[in-house]
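K.L.:
Below, each chain spelled out in residue letters.
2 protein chains.
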Amino acid sequence: MKKQIVALAALAFAVPALANTADEALTGDIIAWDFVESITTEVGPRMPGTEQEARGRTWAMAWLKRNGFANVADEPFEMETWVRGQELAWVTAPFAQPMAITALSTTSSTGPEGIEAEVVYFPSFADLRDAEAGSLAGKIAFVSHDMRPAQDGSGYGFAGPARWTAPSLAASKGAVATVIRSVGTDNHRVPHTGTTTFAEGVEPIPAGALSNPDADNLERMFARGQTVRMKLLLTPRDLGTTTSGNVVGEITGRDPSLPPVLLACHLDSWDLGTGAIDDGAGCGIIAAAAKHVAAQGRPLRTIRLLFAGAEETGLWGSAAYAKAHADEPVYVGLESDFGADRIWKFDTNFTASDPALFGQIARAVARFGVAPSRGVASGGADLNLVREQGGALIDLRQDGTRYFDLHHTADDTLDKIDPVQLRQNVAVWTEVVGILANREGPILRSAAPGN
Amino acid sequence: MKKQIVALAALAFAVPALANTADEALTGDIIAWDFVESITTEVGPRMPGTEQEARGRTWAMAWLKRNGFANVADEPFEMETWVRGQELAWVTAPFAQPMAITALSTTSSTGPEGIEAEVVYFPSFADLRDAEAGSLAGKIAFVSHDMRPAQDGSGYGFAGPARWTAPSLAASKGAVATVIRSVGTDNHRVPHTGTTTFAEGVEPIPAGALSNPDADNLERMFARGQTVRMKLLLTPRDLGTTTSGNVVGEITGRDPSLPPVLLACHLDSWDLGTGAIDDGAGCGIIAAAAKHVAAQGRPLRTIRLLFAGAEETGLWGSAAYAKAHADEPVYVGLESDFGADRIWKFDTNFTASDPALFGQIARAVARFGVAPSRGVASGGADLNLVREQGGALIDLRQDGTRYFDLHHTADDTLDKIDPVQLRQNVAVWTEVVGILANREGPILRSAAPGN
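Each protein sequence line maps, in turn, to chains W and R. Numbering follows the UniProt record's numbering, in which position 202 of the first sequence is assigned residue number 202; successive positions increment by one, without gaps. Numbering follows the UniProt record's numbering, in which position 209 of the second sequence is assigned residue number 209; successive positions increment by one, without gaps.
No lab work stands behind these hints, which were simulated from the structure alone. Hints may contain errors.
As the list makes no split between identical chains, a pair holds if one copy fits it or if it spans any two.
[Claimed, not checked] Using 20 Å as the maximum straight-line C-alpha spacing, the simulated SDA-like pairs for lysine to any residue come out as follows: (1) Lys345 / Asn438; (2) Lys231 / Gln52; (3) Lys65 / Arg55; (4) Lys231 / Glu42; (5) Lys231 / Gly85; (6) Lys65 / Pro372; (7) Lys65 / Val420; (8) Lys231 / Gly157; (9) Lys173 / Gln296; (10) Lys65 / Pro161; (11) Lys231 / His325; (12) Lys65 / Ala199; (13) Lys345 / Ala324; (14) Lys231 / Gln86; (15) Lys139 / Ala150; (16) Lys65 / Asp399; (17) Lys139 / Glu116; (18) Lys323 / Ser154; (19) Lys323 / Arg224; (20) Lys231 / Ser373; (21) Lys231 / Gly68; (22) Lys173 / Gly157; (23) Lys139 / Val420; (24) Lys65 / Ser124; (25) Lys139 / Pro76; (26) Lys345 / Asp327; (27) Lys345 / Asp146.
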């Protein structure tokens with residue numbers, strides 16, 4: 001429960017008695033917590049394209065205005081919207097029992113009667129890839145690719161294809177449905193949803209993720225050497241085109257003609273949880289940092305917040321924002337979208353070309369335990385605009401060890417956030433954004449538009 | 001996942017190179033794991049009075065016969081059976097969002113349309129008790145009594161009344177439904193079910209448990225000072241009288257005329273999980289210990305296993321067994337029904353009256369880290385027969401720190417069992433049962449029938 005985490009967190013960091021704003025943020029920030037505590041309580045799940053997501057935008061605009069942000073707006077865009085229906089799974093033979101499942105977005109419905117078929121077991125994505133064309137005709141593919149925790153989140157790249165493309169691949173080989181082991185690192189009966197993509201010309205099929213304990217159980221059934229059959233009832237539906245939107249707000253700089261610092265997060269969430277770590281925390285972190293920088297005095301450049309819409313089901317908001325603002329150069333882009341645990345290292349895409357700025361940032365964040373890294377920043381999902389401009393990017397990388405325990409599950413709730421680690425994020429962001437928003441010259445890149 | 005626990009477990013205990021049977025059980029027992037791995041995989045949930053519970057009995061009888069037990073039988077009894085229906089909850093105002101809920105057994109249905117009403121918040125059971133008669137007319141009572149972990153499981157006695165009697169108390173004050181904070185110590189979206197009891201003359205109402213994160217969220221809504229309304233859809237139903245049964249089996253002693261050592265567990269489980277820690281593990285532990293004792297040579301006394309039926313919804317099997325065997329004296333009774341974590345202390349109800357036996361047991365289990373305790377053993381739920389006979393009881397007490405994270409939830413699955421701690425249980429039970437089953441004289445009690 002929340003109180004337990006708070007109690008542990010209080011022991012986790014000593015409180016330094018330093019005096020600048022970043023240290024105040026570290027020891028005392030309440031803005032980020034206020035944001036995420038309030039949005040999870042007062043709005044809850046914010047599924048892309050739905051009325052709940054719209055309620056989130058209304059709520060966020062009121063919050064931004066109340067907290068002194070300028071030029072607060074909802075920039076609408078259209079999207080294709082998928083919503084969950086019933087979701088039930090049962091092994092019907094040889095060992096009849098129910099299983100915990102959740103549908104993946106863009107998948108189709110089994111219809112109200114469900115479907116029942118033999119299950120074919122693939123321990124990994126590669127095993128499915130090796131299956132012969134037509135070999136899954138009339139069957140359910142079970143892909144049990146197993147993810148482990150990694151601090152840098154790299155387990156997602158390892159296990160992710162089981163969700164991203166296995167249903168399409170299985171459909172192309174004749175499967176009537178696909179069930180995957182959740183792309184997640186916990187062992188609770190809360191399956192991990194997410195989006196899957198069907199290749200051009202492949203008709204979508206029903207597909208869902210089993211919780212890890214259920215996938216373990218199904219593997220044990222296969223280990224007994226008998227034919228396994230499963231019934232699935234998954235009734236998601238496409239709502240067609242609906243309206244979502246990006247919420248924006250600004251700390252206006254002393255020279256608004258200069259390209260702004262763009263801070264991004266996404267405001268939507270999956271429907272299963274309340275969008276605390278994904279990505280209420282991220283929006284709270286960037287908003288808190290912007291406020292702390294503004295409290296030091298009006299910055300040279302405008303700090304622009306992008307609370308993107310409809311990230312989860314296809315980066316709709318990022319695309320819409322990039323299109324709407326294509327002609328507006330950005331000085332540098334940063335996104336917070338990896339939970340609320342501490343920042344442990346950072347990457348940029350100007351490490352070699354602008355070592356002075358890289359070094360300045362490294363020195364500023366070192367006392368918060370953040371190490372410089374030689375990786376190349378690629379920016380968060382909602383920074384399409386900056387990528388398309390070839391602009392400067394910084395990735396303040398959070399500890400992802402716990403992130404995929406919770407990612408895209410019903411367990412993404414406020415109690416999972418450690419307030420002390422949340423404050424470390426705010427402190428680091430405050431330092432970095434303060435440097436960037438008050439910096440005059442261009443960020444030197446090999447090819448450096450947008451400065 | 002299972003593999004992670006196995007890897008950790010392998011580091012947790014050094015493997016002593018000792019030679020007696022108990023040490024073989026500690027270092028090498030595979031029987032208890034085989035039992036619980038198999039029943040959770042091949043049967044799964046075993047809800048009292050249902051066909052799934054009957055499948056569990058058929059499975060268990062086959063397992064006992066295959067493992068050399070004698071006099072294996074299913075002793076049927078009749079019971080009143082309650083089964084779960086749909087279960088959904090939504091806050092409808094002021095902050096509309098869904099909540100994870102599960103119904104408590106013996107509660108009534110909201111009907112297919114559900115009910116919607118204002119919610120009244122009671123931080124603790126005592127607060128509900130203090131509410132005035134009639135003050136809940138037309139309302140939903142929310143009792144948020146908060147449980148914390150305790151090694152000896154004592155948090156259950158502290159928080160349990162919120163489940164056991166709050167719905168009845170709320171109904172008596174006019175409530176149309178009750179929601180409670182789960183009686184559990186985790187923070188996952190898997191609510192804890194269980195039985196509640198309506199007092200004589202109080203008409204049952206719908207009642208369910210919210211997961212702890214949802215109860216936290218609901219408390220935060222109340223902290224905002226507005227009227228909270230909730231819709232509940234809970235459609236359990238009573239199936240009337242159905243048949244359950246107790247499965248028994250024996251290691252026949254050299255002198256079958258002597259009162260047997262009775263080892264109990266329960267074979268049924270809640271429907272939400274697969275009954276791994278509650279109580280597949282317990283049945284596996286007692287069966288493994290009995291086998292290990294038999295492997296040392298036929299014991300003097302018969303060791304009788306009672307795999308009780310229908311414990312969860314009202315100790316039906318325990319009552320039926322006590323009635324059917326009332327005239328058969330038992331030498332001593334022990335039950336394993338508190339998960340699969342290590343035994344850390346033991347109680348008896350003959351500590352003062354038979355210090356020699358108490359001391360013999362204490363010396364035998366000390367090397368497994370089990371301390372003698374001065375508590376008075378009261379026996380497990382399925383030992384009504386022994387209690388009614390005033391017989392000897394021993395409680396081998398397991399570490400309950402984690403138990404109520406999982407108790408009565410969907411998370412009660414095999415992956416939660418640490419095989420090394422499971423083996424410690426088997427080792428301790430093997431030592432204790434070996435002493436008892438080969439002991440000639442009576443167990444001295446102040447009033448000691450059944451010796």
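K.L.:
Given identical chains, is Lys173 near Gln296, meaning Cα to Cα at most 20 Å, within a copy, between copies, both, or neither?
P.N.:
Classified as neither: same-chain Cα gap 60 Å, cross-chain 57 Å, threshold 20 Å.
K.L.:
Regarding Lys139 and Val420, is the shortest C-alpha distance of 20 Å or less found within a copy, between copies, in both, or in neither?
P.N.:
Answer is neither; intra-copy 49 Å and inter-copy 39 Å both fail.
K.L.:
How do Lys231 and Ser373 come out at 20 Å by Cα distance, when the copy is not named: within, between, both, or neither?
P.N.:
neither (48 Å within a copy, 51 Å between copies)
K.L.:
Cα distance capped at 20 Å. Does Lys139 pair with Pro76 within a copy, between copies, both, or neither?
P.N.:
neither (42 Å within a copy, 40 Å between copies)
K.L.:
For the identical chains here, do Lys345 and Asp146 meet the 20 Å Cα criterion within one copy, between copies, both, or neither?
P.N.:
Neither: 26 Å inside a chain and 38 Å across chains, both beyond 20 Å.
K.L.:
Should Lys65 paired with Pro372 be assigned to within, between, both, or neither, using CA atoms and 20 Å as the limit?
P.N.:
neither (35 Å within a copy, 64 Å between copies)
K.L.:
When no copy is specified for Lys231 and Glu42, does a C-alpha distance of 20 Å or less occur within a copy, between copies, both, or neither?
P.N.:
between (37 Å within a copy, 17 Å between copies)
K.L.:
Please sort Lys173 with Gly157 into within, between, both or neither, judging by C-alpha distance up to 20 Å.
P.N.:
Classified as neither; 24 Å inside a copy, 56 Å across copies.
K.L.:
If the cutoff is 20 Å on CA atoms, where do Lys345 and Ala324 land: within, between, both or neither? Let me know, please.
P.N.:
Cα proximity of Lys345 and Ala324: none, with 32 Å in one copy and 68 Å across.
K.L.:
Within a copy, between copies, both or neither: where do Lys231 and Gln52 come within 20 Å Cα-Cα?
P.N.:
between (31 Å within a copy, 17 Å between copies)
K.L.:
With identical chains treated as interchangeable, where does the CA-CA distance between Lys65 and Asp399 reach 20 Å or less: within a copy, between copies, both, or neither?
P.N.:
neither (31 Å within a copy, 52 Å between copies)
K.L.:
When no copy is specified for Lys231 and His325, does a C-alpha distance of 20 Å or less occur within a copy, between copies, both, or neither?
P.N.:
neither (47 Å within a copy, 43 Å between copies)
Of the numbered hints given earlier, the model fails hints 1, 6, 7, 8, 9, 10, 11, 12, 13, 15, 16, 18, 19, 20, 21, 22, 23, 24, 25, 26 and 27; all others are met.
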